[in-house]
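Chains Y and C supply the protein sequences, listed in that same order.
The opening residue of the first sequence carries number 1 in our numbering; numbering runs sequentially from there.
The opening residue of the second sequence carries number 1 in our numbering; numbering runs sequentially from there.
Worth double-checking, as some hints may not be accurate.
Since the list can't tell identical chains apart, any single copy or any two copies may satisfy a pair.
Cross-link-like lysine to any residue pairs, in silico, SDA-like; alpha carbons within 20 angstroms at most [stated by the list, open to error]:
1) Lys263 - Met1
2) Lys164 - Glu260
3) Lys30 - Gly86
4) Lys263 - Glu176
Since the hints were derived computationally from the structure, they do not count as laboratory data.
Keep in mind that this is a model prediction, so the values were computed, not measured.
There are 2 protein chains.
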Amino acid sequence: MPFERVAIIGLGLLGGSIGLAVREHLPGVKTVGYDADPDVRAKARELGLVQTIADDPAEAVRGADLIVLCVPVGAMRDAAKAIAPGLSPDAVVSDVGSSKQRVGKALAEELPGHHVIPAHPVAGTEQSGPEAGFASLFDGRWCILTPPDGADEGKLAALVHFWKALGSTVEVMDAEHHDMVLAVTSHIPHLIAYTIVGTASDLEEVRRSEVIKYSAGGFRDFTRIAASDPTMWRDVFLHNQDAVLEMMDRFLGDLEAMREAIKTGDGEAMFELFSRTRAIRRGILEQGQDDARPDFGRQDHTNDQ
Amino acid sequence: MPFERVAIIGLGLLGGSIGLAVREHLPGVKTVGYDADPDVRAKARELGLVQTIADDPAEAVRGADLIVLCVPVGAMRDAAKAIAPGLSPDAVVSDVGSSKQRVGKALAEELPGHHVIPAHPVAGTEQSGPEAGFASLFDGRWCILTPPDGADEGKLAALVHFWKALGSTVEVMDAEHHDMVLAVTSHIPHLIAYTIVGTASDLEEVRRSEVIKYSAGGFRDFTRIAASDPTMWRDVFLHNQDAVLEMMDRFLGDLEAMREAIKTGDGEAMFELFSRTRAIRRGILEQGQDDARPDFGRQDHTNDQ
Numbered sequence: 001m002p003f004e005r006v007a008i009i010g011l012g013l014l015g016g017s018i019g020l021a022v023r024e025h026l027p028g029v030k031t032v033g034y035d036a037d038p039d040v041r042a043k044a045r046e047l048g049l050v051q052t053i054a055d056d057p058a059e060a061v062r063g064a065d066l067i068v069l070c071v072p073v074g075a076m077r078d079a080a081k082a083i084a085p086g087l088s089p090d091a092v093v094s095d096v097g098s099s100k101q102r103v104g105k106a107l108a109e110e111l112p113g114h115h116v117i118p119a120h121p122v123a124g125t126e127q128s129g130p131e132a133g134f135a136s137l138f139d140g141r142w143c144i145l146t147p148p149d150g151a152d153e154g155k156l157a158a159l160v161h162f163w164k165a166l167g168s169t170v171e172v173m174d175a176e177h178h179d180m181v182l183a184v185t186s187h188i189p190h191l192i193a194y195t196i197v198g199t200a201s202d203l204e205e206v207r208r209s210e211v212i213k214y215s216a217g218g219f220r221d222f223t224r225i226a227a228s229d230p231t232m233w234r235d236v237f238l239h240n241q242d243a244v245l246e247m248m249d250r251f252l253g254d255l256e257a258m259r260e261a262i263k264t265g266d267g268e269a270m271f272e273l274f275s276r277t278r279a280i281r282r283g284i285l286e287q288g289q290d291d292a293r294p295d296f297g298r299q300d301h302t303n304d305q
Numbered sequence: 001m002p003f004e005r006v007a008i009i010g011l012g013l014l015g016g017s018i019g020l021a022v023r024e025h026l027p028g029v030k031t032v033g034y035d036a037d038p039d040v041r042a043k044a045r046e047l048g049l050v051q052t053i054a055d056d057p058a059e060a061v062r063g064a065d066l067i068v069l070c071v072p073v074g075a076m077r078d079a080a081k082a083i084a085p086g087l088s089p090d091a092v093v094s095d096v097g098s099s100k101q102r103v104g105k106a107l108a109e110e111l112p113g114h115h116v117i118p119a120h121p122v123a124g125t126e127q128s129g130p131e132a133g134f135a136s137l138f139d140g141r142w143c144i145l146t147p148p149d150g151a152d153e154g155k156l157a158a159l160v161h162f163w164k165a166l167g168s169t170v171e172v173m174d175a176e177h178h179d180m181v182l183a184v185t186s187h188i189p190h191l192i193a194y195t196i197v198g199t200a201s202d203l204e205e206v207r208r209s210e211v212i213k214y215s216a217g218g219f220r221d222f223t224r225i226a227a228s229d230p231t232m233w234r235d236v237f238l239h240n241q242d243a244v245l246e247m248m249d250r251f252l253g254d255l256e257a258m259r260e261a262i263k264t265g266d267g268e269a270m271f272e273l274f275s276r277t278r279a280i281r282r283g284i285l286e287q288g289q290d291d292a293r294p295d296f297g298r299q300d301h302t303n304d305q
């Protein structure tokens with residue numbers, strides 16, 4: 001067993017799911033949790049997300065050999081400060097943040113001499129809070145580790161082992177590349193979804209009730225993404241600014257090109273793009289990263305003949 | 001029974017689903033189908049999508065009191081021309097196209113003196129072709145009718161009755177308003193999804209395999225939408241040009257504002273938008289237009305405690 005005692009700081013969707021997944025997959029490992037919100041601590045206790053709830057962050061990490069910070073990326077620095085007094089020198093400090101360069105920097109600055117190995121499990125739902133967690137969240141999902149140069153190999157191996165035990169497939173890459181990849185696969189999609197849902201709700205020509213009624217035409221999928229936790233996502237955009245702006249400008253350039261194609265009636269340019277994008281979908285289905293049933297299996301597709 | 005014999009022209013996802021839904025919900029009604037592609041006709045015969053397959057469009061509509069054109073909107077005019085020789089003067093000619101002003105105009109021009117009542121069932125999946133159809137596609141979904149001024153009230157009532165029998169809730173509105181509403185709830189979401197999937201697949205810094213691997217962070221939902229039928233969607237953008245361009249410019253303006261917020265680190269503006277968009281999602285779930293389970297129920301959420 002790579003770790004004997006895991007401290008989870010922040011008991012929302014991710015933190016709660018880690019607690020439940022440890023109980024299921026690593027039953028010998030002790031879990032202790034802390035959340036800055038006393039109501040969340042009470043709820044986590046009631047739900048049994050971890051074995052022990054501590055009422056103080058430094059207390060929570062005392063004796064832990066792995067600490068996972070599960071707070072919004074903008075709160076990572078303060079969380080690191082808060083745990084510092086209780087931290088064992090041998091412990092691994094990791095996190096689950098969606099951006100990695102600035103988080104890694106903040107943790108390294110606040111915890112000099114400690115084993116900081118940032119991580120990002122690419123898993124989640126649009127739900128948030130302690131009730132949203134579930135043990136299988138990481139099953140078959142990727143977890144990206146971004147160890148700094150010179151990270152302890154043994155500690156890194158232990159963290160890889162931990163995430164694999166929770167059901168994830170682990171990839172190691174540098175933080176800068178992570179931030180670029182996630183900008184395009186996650187951050188920009190969220191930004192677009194939030195924006196178009198906002199655009200739709202501000203229209204004067206189309207009533208909000210109509211937007212809701214006719215959402216099955218494509219819009220509803222965007223609303224699911226745009227229902228994600230606002231604090232978490234604000235922090236992601238503030239902390240992965242450069243990569244997000246870079247990817248956004250590419251997207252804006254491509255969207256302008258499509259605008260031009262629509263304006264000039266260039267059906268060929270549209271058909272070329274619309275055909276090409278099917279290949280990416282095929283890749284995602286082949287690699288088991290999505291549900292292959294049409295419309296995510298929302299409908300009952302019994303072809304009753 | 002409002003209609004005794006329904007002719008379906010075009011036997012893909014929509015046409016096939018109508019055939020199957022009529023068999024299930026209106027078992028006394030005769031169905032005859034035609035598709036320009038002989039392979040599709042053969043497949044439709046094999047699958048039993050309709051009772052009779054005709055090898056000629058004019059033949060297919062002979063004696064039918066309802067004709068539903070289920071071809072891409074760019075093919076509507078030619079389909080109307082092709083059925084004209086066989087059309088009964090009393091028959092209702094309708095369609096399932098996603099844009100309504102230009103389709104209505106094309107049908108009225110090609111079929112003067114006939115009862116043209118355009119329709120748009122707001123239902124579909126990312127699949128296409130005769131094998132994609134299923135009887136419950138229209139269950140609990142909206143169907144929008146856009147009758148021209150002076151449309152026969154009795155014929156309109158019969159078409160409303162028909163779509164209700166297939167499980168839909170029917171709304172009547174003018175074609176111009178339809179095109180504006182659908183531009184925002186369906187056309188722009190598709191355009192955005194196609195574009196971002198294209199942007200991602202063109203990147204040099206991020207490999208395509210990485211985009212696929214880490215798609216669970218939000219991107220995969222866009223790829224589902226971007227796997228929709230390219231011909232159908234090219235035609236939608238060519239035929240709903242004005243409304244799409246108008247909505248696109250609103251979206252682009254809002255996206256520029258978010259770009260500025262990210263650039264200047266304006267967390268408040270982001271938080272305000274990201275909080276506001278949750279209300280729309282709530283409305284969609286309350287009205288049963290989406291699956292309330294987190295992540296569309298992709299994961300098993302058994303909280304095993």
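Cross-check of the supplied hints:
For the homomeric pair Lys263 and Met1, neither the shortest alpha-carbon distance inside one copy (61 angstroms) nor that between copies (44 angstroms) is at most 20 angstroms. Taking the shortest Cα distances, Lys164 and Glu260 never come within 20 angstroms of each other, neither inside one copy (47 angstroms) nor across copies (39 angstroms). In this assembly of identical chains, Lys30 and Gly86 lie within 20 angstroms of each other by CA distance solely inside one copy; the values are 17 angstroms within and 77 angstroms between copies. Taking identical chains as interchangeable, the C-alpha atoms of Lys263 and Glu176 lie at most 20 angstroms apart only when they sit on different chains, with a minimum of 18 angstroms there against 38 angstroms within one chain.
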